[in-house]
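Chemist: Sequence:
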Amino acid sequence: MSSHLDYTSPTTQYFFDVNKSLFFKKDNQNLINILGAQQLNTLENVSLLDIFLSVENVVEPHYHQNAAELVYCISGSAIVSLLNPFTKKLLSFSITPGQVVNIPRAWWHYEIATVDNTHLLAIFDAPTPEVILGSDILKFTPSDIIAHTYCIDEELWKQATSPVQPSTYIGPYKDCHKRYPYPEHSPHAFFPQP
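Residues in the sequence shown are numbered consecutively from 1, following the UniProt record's numbering.
Please note: incorrect hints may appear among the correct ones.
Below 27 angstroms or equal to it, Euclidean Cα-Cα: the simulated DSS-like pairs (lysine-lysine) are [as the list claims (entries may be wrong)]:
#, residue 1, residue 2
1, Lys26, Lys88
2, Lys174, Lys158
3, Lys139, Lys158
4, Lys158, Lys20
If you anchor each label on the Cβ, the simulated ranges turn out as follows [stated by the list, open to error]:
#, residue 1, residue 2, range
5, Pro104, Phe140, 24 to 32 angstroms
6, Phe16, Ala147, 41 to 49 angstroms
7, Tyr150, Asn45, 36 to 44 angstroms
8, Gln29, Lys88, 44 to 52 angstroms
Hints are computed from structural coordinates only; laboratory data are not their basis.
Glycine residues also receive a C-beta, built at the ideal position from the N, C-alpha and C atoms.
Please take these sequences and the hints and turn them into a complete structure.
Modeler: Below, the structure is given as structure tokens:
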């Protein structure tokens, strides 16, 4: 039991409806609900994201600086990819109902739905998951620093990143009609052909 919680207080909460705690919504098939200590005050070192995705939608590349994450597939299927910072290798795992992927704290990762009606549960070992998003890194790092650091043309960088919207969370954007042509040997070669 935690010493900072007063379990006799009338404000102590033991129940919460996660369906009423929208965190991000792209559309009715692609959304994320959240449960953390702000929603349920008796939570200590656990929180979760309830993720719904349709085919080809991706929880954008990101990392959680304060928590490890366990991604559990409830329905549908998804590819969970994570970059091992020690080996510099991208690890990709296809998960279906009942399967999990463990993502250590601060590892770069993303999830892509391979079928419609994919439902994932992301469980964290922190009372509130903190996040650093790829879209925010791309949008808020000054273009002159990127150009100088990586020896690239600053105008080309600005052009390439101009469509990026901060805090994307679920991509691609609604108005994006581009498809990435995944090579046959890629772990992402699961999308149906047009």
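Chemist: Against each hint, give a clear statement of whether it holds in the structure.
Modeler: So, going through the hints one by one against the coordinates:
no., hint, verdict
1, Lys26 to Lys88, "violated, 31 angstroms"
2, Lys174 to Lys158, "holds, 21 angstroms"
3, Lys139 to Lys158, "holds, 9 angstroms"
4, Lys158 to Lys20, "violated, 38 angstroms"
5, Pro104 to Phe140: 24 to 32 angstroms, "holds, 25 angstroms"
6, Phe16 to Ala147: 41 to 49 angstroms, "holds, 47 angstroms"
7, Tyr150 to Asn45: 36 to 44 angstroms, "holds, 38 angstroms"
8, Gln29 to Lys88: 44 to 52 angstroms, "violated, 34 angstroms"
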